[in-house]
Amino acid sequence: MTLDKLLVIAAALFCCGLYTVITRRNAVAVLMGVELILNATNINFVAFSFFLHRMMGGQIFAVFVIVLAAAEAAVALAIFLRMFSTTGTVEVDAANELKG
Amino acid sequence: MSGPADYIFYAAAAVTVGAAILVAILPNILYAAVALLFSFAGVAGLYVLLSADFLAATQVLVYVGGILVLLLFAVFLSNRISDAKITNPTHFRLPAAAICLVLFGVLSYAAVSTPYAVKEGVYLPTTADIGELLMTRYLLPFEVASVLLLAALIGAAFLSRPDRAASVKGDMEEGKR
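Line order of the protein sequences matches chains A and B.
First residue of the first sequence? That's 1 in our numbering, and the numbers climb one at a time after it.
First residue of the second sequence? That's 1 in our numbering, and the numbers climb one at a time after it.
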């Protein structure tokens, strides 16, 4: 277990999340991709905290990232449910009412 | 570090990345959510190997216990199961795959070729340190995060109440008349 292996794992996780965000049309699946990306950043924070500093800053930052991810998921899913009740679908292409 | 910890590391890494790839390519969104569960669990295993025991527990509690259940609820509530259309179409597959592979190559090259001043990590319990730092040095972000969570809770509860909005809309239409 070395730092660069962990960084490569985080990069793979990030790219999977990015692919999910780009290709999916279902808004819930897009949110899953965002969660994957946040997990990749968290792995980076914790890995640098473990290998470079032995300070807790990275782990504290990861805690805050998890808090933000939870808040974001709650609000986003509420918005999806509202969108489903008004448009009958959660596909991101359907949310085009504000398009000029 | 070598020996059994290395095998556990490779197993956790394989579970994490493999499940993430499944999340990206599985057409059925329910199966993708279950694959996401395994990916989160693998990340929790990596946290344990990185001497982040508190974070590993938090990962299991918040991600696996909270966010994933929320996602599954959203899938159940927002797909008409009777239509048997839980699979979701994808688009831009080839360009997205090309972009992601190139980005992965660049990121991996940067990660491998950069010389970091790596120190040997030590395994110590972290929960007491994190709690102390949250109450002293990181007190302001901690309080801001609590206010943010409260705002998110109120916002989510307000947004997901259908009757109220319908009645407000009706009131507005009555007002127009």
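One or more hints might be untrue.
Taking lysine to any residue pairs in the SDA-like style, the calculated list, with each CA pair at most 25 angstroms apart, reads [said to hold, decoys possible]:
no., chain 1, residue 1, chain 2, residue 2
1, A, K5, B, Y10
2, A, K5, B, G131
3, B, K119, A, A70
4, A, K5, A, H53
These are calculated hints, taken from the structure and not from any lab test.
Comparing the hints with the structure gives:
1. A:K5 with B:Y10: The given pair, whose Cα atoms are some 10 angstroms apart, holds under the 25 angstroms limit.
2. A:K5 with B:G131: Violated - the C-alpha atoms of G131 (chain B) and K5 (chain A) are around 29 angstroms apart, more than 25 angstroms.
3. B:K119 with A:A70: Answer violated: K119 (chain B) to A70 (chain A) is near 33 angstroms, above 25 angstroms.
4. A:K5 with A:H53: Holds, at roughly 18 angstroms.
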